[in-house]
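In the order they appear, the protein sequences are chains A, B and C. Heads up, the first sequence stops at 683 in our numbering, and the numbers go up one at a time, no gaps. Heads up, the second sequence stops at 764 in our numbering, and the numbers go up one at a time, no gaps. Heads up, the third sequence stops at 202 in our numbering, and the numbers go up one at a time, no gaps.
Don't take each hint at face value.
[To be verified] Straight-line distance between alpha carbons at most 20 Å, and here's what the computed EDC-like set of lysine to aspartate or glutamate pairs gives:
no. : chain 1 : residue 1 : chain 2 : residue 2
1   : B       : K663      : A       : E312
2   : A       : K641      : B       : E701
3   : B       : K707      : B       : D741
4   : A       : K335      : B       : D741
5   : C       : K87       : A       : D144
[Claimed, not checked] Derived DEER-like restraints, expressed as beta-carbon distance ranges:
no. : chain 1 : residue 1 : chain 2 : residue 2 : range
6   : B       : V684      : A       : S602      : 47 to 55 Å
7   : B       : M651      : A       : R284      : 27 to 35 Å
8   : C       : D177      : A       : R164      : 51 to 59 Å
9   : C       : V170      : A       : H48       : 40 to 48 Å
10  : A       : H48       : C       : Q192      : 34 to 42 Å
11  : A       : I288      : B       : V684      : 41 to 49 Å
Bear in mind the hints are in silico, worked out from the structure with no lab data behind them. Note that beta-carbon positions come from the ideal geometry of N, C-alpha and C, so glycine has one too.
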Amino acid sequence: MNVLNLSIKRKLILMTMLTSSMALFLSSASFLIYDLMSFRHLLTQDLTTQAEIIGYNSAAAIAFNDEPAASATLSALTAKNDIVGAGLYSPKGRLFAHYFRGRRTLPDTLPSCAQGNAYRFEGQYLEVCHEVTLNGDHVGTLHLQSDMRQWSARARRYATICLIFALMSAFLAFLVSSKLQKVISGPIMQLENTMKMVSEKKNYELRAVKTYSDEIGSLIDGFNAMLSDIQQRDTALRGANEQLHTRTRELEGEVSQRKQAQEELLKAKQVAEEASRAKSIFLANMSHELRTPLNAIIGYSEMLEEEASDSKDTENVQDLKRIQFAGKHLLALINDVLDLSKIEAGKMPLHLETFDVRVLITEMITTLRPAVEKNRNTLQVHLADEVSTMHGDVTKVRQILFNLLSNACKFTDHGSILVNVDRRSENNEEWIRFEVSDTGIGIGAKQRENLFKEFAQADTSISRKYGGTGLGLAISYKFVQLMKGRIEVVSELGKGATFSVQLPAQVKVEAADTAVADALINVPAPAPVTMSDRETILVIDDDPAVRDLMSRSLSKLDFNVVAVSSGDEGLRIAKEVRPVIITLDVIMPNRDGWSVLNQLKADPELANIPVIMVTIVDNEAMGITLGASSYLIKPVDRERLVALIQKHRINESSGRKTMKNARVPAARSQSAGGER
Amino acid sequence: MPRILLVEDNEMNRDMLSRRLQRKGYSVAIAEDGERGLSMACAEVPDLILMDISLPFIDGCEVTRRLKANPRTCQIPVIVLTAHAMVRDRERAFDAGCNDYDTKPVDFSRLMGKIENFLHEKKEL
Amino acid sequence: MMLPVVLAAAATDAHAQDTETSSEYLIKAGFIYNFASLVQWPSASFSQADSPIVIAVLGEDHFGTTLDRVLQGKKVDGRPFVIKRLRSLSELVKPVGNPRECQILYVTASAMSHLSEAIQAVRGLPILTIGEMPGFAKSGGIINLVLEDNRVRFEVNVKAAKDADLNISSRLLALARIVQPPEPDGRKAE
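So here's chain A without its partners, still in its complex pose:
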């Protein structure tokens, strides 16, 4: 029990009692000692005096060698209870006469008593030696022994008294200090109580009561001051808390509102996407549906024409030619209309690739040679040397050039057509310029206004006369716009026309032109954006050949491919790299794909990444149950894989990234028939 941890009350009482006991003890001890010391001295003196008297009285006896007389004298000592022995010794030190009380014996020879008259304390006894003289002659030595009983008795008495007094005063001290300590401990305990109450009930209005103006009083003052402080702060805190709650509620309201709005937007987006998809499918279907019978019409009529001409059936040949012509015209119209629809629907993606411009031009010329010669026109081509390749949509460029050139051919008779291709820099960018000039009928001012609009051919008579759908320039115009280029015309009625098209040497695609759905929602990315612009696909497969193949195929599609050989590594890399998609093999050593899939879906960081199972095992149900987004069976149809990846990417990117360079490769799944 640690004394220092007792209550104040006890401590104070103890302290007081201790102090007073010590004082009492010290004073009584000193008195006692002094008294006993002086008593001892007294006794010594007494004994010495005794010795003197006895000595004097026995001097004669010794001198006269009267032992009995001497003994008789000594025996007078019976009266003195404390003297236990007396011995008279001859000058030579031999015991002459003795007296003793009880069993005490005396040494036969005089014990060394210093010299002459001396005393000493031997054990519990006081011994006194006294020279017995007669007429100044040393006739003997008297040796007295006292048991100091008086002294012991006295000491004992004293001790008892002291003890009693000590107890009494301890008791008294206890009583008094018990009462007095209240002065100190009272206020302290009160303070303690107050503190307890405050902390238990959290009631900061309480105050401790100050009784005296001592240090405790100022402690109490300080405590009260602190309480006021706390009370203030508490109130302020509560107020702040309330405000916080209110604000939080408001914010929650806002957040839920926003969430709602977001949901609605998402829904709208989904609807829009659905609509868009529907449109795509429609267009694709329409495209296919329209072209297929037309191709049949054209094809069969060609065939029949051949047969007819072989059998010299000229009438039928003419009719069939007409059918063909009408069919081809219809096909052209359909193609153009579809193109325009696709452009309107935003479904006309740019398929960018690097191609050789010369080769393109050469092709075109070859194709158009009949058209050129039809109206006895001449064609000249100037290709600047710096023009080699460009990075753009070759189909569209081809279409544009074809349009321009066929127009030039159509509207020129016995004239010349010039094609000029060069390369120039403007605003730190490289452009390829295509110029098609003709010496044809030219274009009037009014016509020029509407030139690039649909059905701008002033009237249908022109299309009847010159052929064409009237949509070509509108389409070309839109294509050029898509590629962020320029198209211009310089012409005068009757003086021919010069169409110039300027396209970037490196055509770029922006998401605004393509993925309309993405633009609907501009949600900031919570997930970290990958360092490079390219998205990453993680391939998990233990077969190095598969990894190699996937890497090459997918990186051609402009993905950053990371291939690993084990599920564990895959999990680790997935966390680091955050791929957009994971392809996962099932049969792997150490850890099979199911286990990896489970792990991926269990990890909140990775669960949202679509996983395409690529495996020889046919267990699609299991895969889907476990959370795989798609399931492909080896050997994998690359187109299918790519299509799947695309699909997942579009789904993913709408929630994850903004304005991204989406390099969407050709959606090949769409048509089996012809596409322009």
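Since the structure of chain A is already known, use the hints to place chains B and C on it.
Chains B and C in isolation, oriented as in the chain A frame:
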């Protein structure tokens, strides 16, 4: 009479092409899909193969690859017909091993030219 | 008599300086010294403060040199001792009337025949008469040395002392056998 194997899944296209080819004096064998095309090519060893790219089950490029991988059929010139006109498709087709390609809808005279070229070459060999 | 032996044994405790076997007379000599220490003479006995204490020995001196030896150099109250040997009683008579001439009269055994004359001679004078024969004290001598149980004891005639105006210390009397002069009715207490 040179024998041409036509691998095309569309009935009308098949009909048109085969009849026109026949009129031009070729003997035409028809396969409706890749598998059939492969087996027929192996069996008959035609002088030329016209192959549509988009076939069910196995696509034209794959068939081409297999044809070129098989010593029995690797010598047969393959002309691939594709609806797509992009450079990449061309590359894909050539990667697969085809000897030439043409676009659809078919410009018959152009196609004829290409066929005759290949058959002449073969004759010269 | 076993005296020499006894005396020898006792002599070691006796108030004597030398350790040689002492005779009876050595002890007696010591006693005489002691008596001198314990008896007070009136002031008239001495002319001066340092006047000697004269011991007159009457009769045949059996002390030899012992008495002289013992008393040599000793003083009582600052008074040395002088020993006179009386050849005859008449020498004693001479100093009659002059008590300063003798303070102690030692009557030897041989002079006992003249005891009564001797006593008579010093009656009333402050002279300490010491004898060594039985009956000395009864006859008026003050101290009589007696051999008893091979020890030297002494008797004291208190009346005689009083008559002689001598003050005998109670200490001495405590050791002595008090001798009462015979009562007129002849009863004596011993």
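Discussion item. For a quick check of understanding: which of the numbered hints are violated here, in increasing order?
Written reply: 10
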